[in-house]
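Asks: Following the hints, complete the assembly by docking chain B onto the known chain A.
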Amino acid sequence: MWPDGSQPARLPLFSDPVGFAMANALSRRAFLAGVATLPLMRPADAGDSLTFEQLYDKITVLGLSFSDKVKALAGKTVSIRGFMAPPLKAEAKFFVLTEIPMSICPFCDSDSDWPSNIVVVYIDDKTTFLPPSKLIEVTGTLEVGSWTDPETGFVSQLRLVHSSFETV
Amino acid sequence: MRTLLLALAASTALIGTAGAATVYPLDRATILAGSPFDFKVEFDGSVKAEDVKIAINGADYKAALGGEVEFIASEKGKDDVDLGSAVLLRGAKIDKAGAYTLEVSAGDQKKSVTWDVYATPETPKAKNVIFLLGDGLSVAHRTAARLMSKGMTEGKANGRLAMDDLDHMAFIGTSSTHSIATDSANTMSAYMTGHKSRVNALGVYADRTPATMDDPKVETIAEALRRTTKKSIGVVTTSEIEDATPAAVVSHTRKRDEKAAIVGMFYDVKPEVVLGGGSAYFLAKDVPGSKRKDDKDYIKLFQEAGYTLATDKDELQKAAGSDKILGLFHTGNMDTQLDRAFLKKGTVGKFPNQPGLVEMTQVALDQLSKNEDGFFLMVEAASIDKMSHPMDWERAIVDTIEFDKAIAVARKFQESHPDTLIVVTGDHTHGVSVIGTIDDDKPGTEMREKVGTYDDAGFPNYEDKDADGYPDNVDVSRRLAIFANNYPDHYETFRPKLDNPFQPAVKSESGAYVANEAYKDVPGAVFVQGNLPKSADTAVHAVDDVVLQAAGPGAEGFKGYMEQSDVYKVLADTLAIGAKQ
Numbered sequence: 001m002w003p004d005g006s007q008p009a010r011l012p013l014f015s016d017p018v019g020f021a022m023a024n025a026l027s028r029r030a031f032l033a034g035v036a037t038l039p040l041m042r043p044a045d046a047g048d049s050l051t052f053e054q055l056y057d058k059i060t061v062l063g064l065s066f067s068d069k070v071k072a073l074a075g076k077t078v079s080i081r082g083f084m085a086p087p088l089k090a091e092a093k094f095f096v097l098t099e100i101p102m103s104i105c106p107f108c109d110s111d112s113d114w115p116s117n118i119v120v121v122y123i124d125d126k127t128t129f130l131p132p133s134k135l136i137e138v139t140g141t142l143e144v145g146s147w148t149d150p151e152t153g154f155v156s157q158l159r160l161v162h163s164s165f166e167t168v
Numbered sequence: 169m170r171t172l173l174l175a176l177a178a179s180t181a182l183i184g185t186a187g188a189a190t191v192y193p194l195d196r197a198t199i200l201a202g203s204p205f206d207f208k209v210e211f212d213g214s215v216k217a218e219d220v221k222i223a224i225n226g227a228d229y230k231a232a233l234g235g236e237v238e239f240i241a242s243e244k245g246k247d248d249v250d251l252g253s254a255v256l257l258r259g260a261k262i263d264k265a266g267a268y269t270l271e272v273s274a275g276d277q278k279k280s281v282t283w284d285v286y287a288t289p290e291t292p293k294a295k296n297v298i299f300l301l302g303d304g305l306s307v308a309h310r311t312a313a314r315l316m317s318k319g320m321t322e323g324k325a326n327g328r329l330a331m332d333d334l335d336h337m338a339f340i341g342t343s344s345t346h347s348i349a350t351d352s353a354n355t356m357s358a359y360m361t362g363h364k365s366r367v368n369a370l371g372v373y374a375d376r377t378p379a380t381m382d383d384p385k386v387e388t389i390a391e392a393l394r395r396t397t398k399k400s401i402g403v404v405t406t407s408e409i410e411d412a413t414p415a416a417v418v419s420h421t422r423k424r425d426e427k428a429a430i431v432g433m434f435y436d437v438k439p440e441v442v443l444g445g446g447s448a449y450f451l452a453k454d455v456p457g458s459k460r461k462d463d464k465d466y467i468k469l470f471q472e473a474g475y476t477l478a479t480d481k482d483e484l485q486k487a488a489g490s491d492k493i494l495g496l497f498h499t500g501n502m503d504t505q506l507d508r509a510f511l512k513k514g515t516v517g518k519f520p521n522q523p524g525l526v527e528m529t530q531v532a533l534d535q536l537s538k539n540e541d542g543f544f545l546m547v548e549a550a551s552i553d554k555m556s557h558p559m560d561w562e563r564a565i566v567d568t569i570e571f572d573k574a575i576a577v578a579r580k581f582q583e584s585h586p587d588t589l590i591v592v593t594g595d596h597t598h599g600v601s602v603i604g605t606i607d608d609d610k611p612g613t614e615m616r617e618k619v620g621t622y623d624d625a626g627f628p629n630y631e632d633k634d635a636d637g638y639p640d641n642v643d644v645s646r647r648l649a650i651f652a653n654n655y656p657d658h659y660e661t662f663r664p665k666l667d668n669p670f671q672p673a674v675k676s677e678s679g680a681y682v683a684n685e686a687y688k689d690v691p692g693a694v695f696v697q698g699n700l701p702k703s704a705d706t707a708v709h710a711v712d713d714v715v716l717q718a719a720g721p722g723a724e725g726f727k728g729y730m731e732q733s734d735v736y737k738v739l740a741d742t743l744a745i746g747a748k749q
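The listed protein sequences derive, respectively, from chains A and B.
Position 151 of the first sequence, counting from 1, maps to 151 under our numbering, and the rest follow consecutively.
Position 452 of the second sequence, counting from 1, maps to 620 under our numbering, and the rest follow consecutively.
Accuracy of the hints is not assured; some may be wrong.
[To be verified] So the derived list for chain B, only partly shown, Cβ under 7 Å to chain A, looks like this: (1) 456; (2) 461; (3) 496.
Simulated from the structure, these hints should not be mistaken for laboratory data.
Positions of the beta carbon are idealized from the N, C-alpha and C atoms, including for glycine.
Extracted from the complex, chain A is given alone in its bound form (with noise of 0.2 Å):
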């Protein structure tokens, strides 16, 4: 049930039912929240989701620097869409969220590598993947800042954590 009393007016479309089921289990906030950003439903001045043209407002050889908005949303719930880059595994807890469709697997090769501007995207139980050509709206709490993944020792700068995500 949602804050009104409705049905969602669309249900999170993952590649199979197990995948389904692990959205259920997500957090109710952010489930909730990722809903309430859907095109349809949300007020104009909505201020929780990003674009990948939001996330940066300075990109220098020297580095990158994040835009206040980020700075202001890091802790809340943020929606943004994206392109799921080709995984490290056929099922993991993480993915990498693209601004344009990755051709080329950086987990795989050793000669490709990723775009400065990426987001890294957790969910709570391991699931499996989109292909990179379709866009998807992932919808977690915000991270900001560098961290290590103690897994894998993935580096990343920008998070979603506790995610869902559908395609568009």
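Replies: Okay, now just chain B, sitting in the frame of chain A:
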């Protein structure tokens, strides 16, 4: 799989006269006299230390190699699997030239290898070497660049490329130690060390252990120059500076993707001029945009070591004349010349003021030539390869033209500095050919019917009204028909990709690469079924020979067919780096 490997090893033992032990450097290695190298023997299974016998030319090995091996009872593989015993001597060295036959035995395992240790003349033939490498440069790239840049009338080129006038040449065999096929790491490593190696390896032989930093090392040209000369060293590229080709000038690692470590290897050697992309691996991990996993700030470390930093075209001009220059113009690979100078696509919006290969080469030469003892400069046109993989031929060819302009800068320098050897080559080839033209004015709507071959190809109608050497427009009505002979599933559009570099295939849910639907609706596009495994995301390197060309003192050493590793010997001879200067 393991059983199969063991079976293969056993059958090799039956065929060969010697047993299953592997010796590094490998049989028929060519080694610069006096250069340090790691000597390793890997035994098949466990052997006892007291059973290991090593003789060189029939005598005890210790005097010949200048040290004693360490015995490793059991090397460990993945999941702690026992790989067998080994012996290892780091930093071995043979000072006297000659044939060295090494015989190793332990129990019933025997192996014999012969190394050719070569000296160089006492006197250098040239003071400077400019080594210009077009990554993936194949014959088709040269032909297409000449046709696009100079044009053709009645079957004769209307002009010559700078690379067309280099007077010595050789065919180069690029194969790796474990495969006929090859990549930019082991190929450039062969040029820069004189030793062939395995795909992905730089400055090492690839041993059997999984660790990427413990493999048997060989000396790089930068280290040899530091050891025996006072020459300056420059490394210039349009890729990340820590990408395989530039990395091969200074690096030792089994895996080219150890990019953070490779930055440290540049710092260890400290080439006087370092220009390219790839700043992300110089930034400490807490800086957004960093790709390091530690807190090292190599920008600061290089600055503290006396380097002037340049981050765009203007800063590069200002830095020109400094003693040491670190120029980093992109967090990743720099954009192609077609994007940088003409289309403003790719990531040019984010990094709008990147210098080109020509400017970088000029600044490097101005700085390096101040050293009275001379210099070694490596210049790489990286995107010829990076755009040939996705079959984005216009970007690959325009970068070949840019590469040729950098060669022209080097040739001009050579006019006033005749004591300079210029080498122009590729590291490996691509399976690509120019087969005619694509003529929009041919009748019909099917683009395939507009491909002109034989007599129907005619001549392309590119124009260069501003005489800058680049076509004013690559999307002309009668353009070059360039095709790869190997590919993943993709849509052939028969047109230049004016928006962004071509991405022929994308990964599907099943993990297979499938044609990128983004090109499906381009008018006239046709689906092309791949002929590579479905795991291939783009076209691959060819095994075909590379054409190397050279001019200047020492260039006469390049002729006929040569192994890629033999090129190093010509460079060593020319600069006399076998002799202390």
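Asks: Next, verify each hint and record whether it holds.
Replies: Do the hints match the structure? See the list:
Annotation: interface hint on residue 456 of chain B holds; nearest CB of chain A at approximately 4 Å, less than 7 Å. For residue 461 of chain B, the interface hint holds, the least distance from its beta-carbon to any beta-carbon of chain A being 5 Å, beneath 7 Å. Annotation: residue 496 of chain B was flagged as interfacial toward chain A, and the flag holds, the nearest CB pair being 5 Å apart, inside 7 Å.
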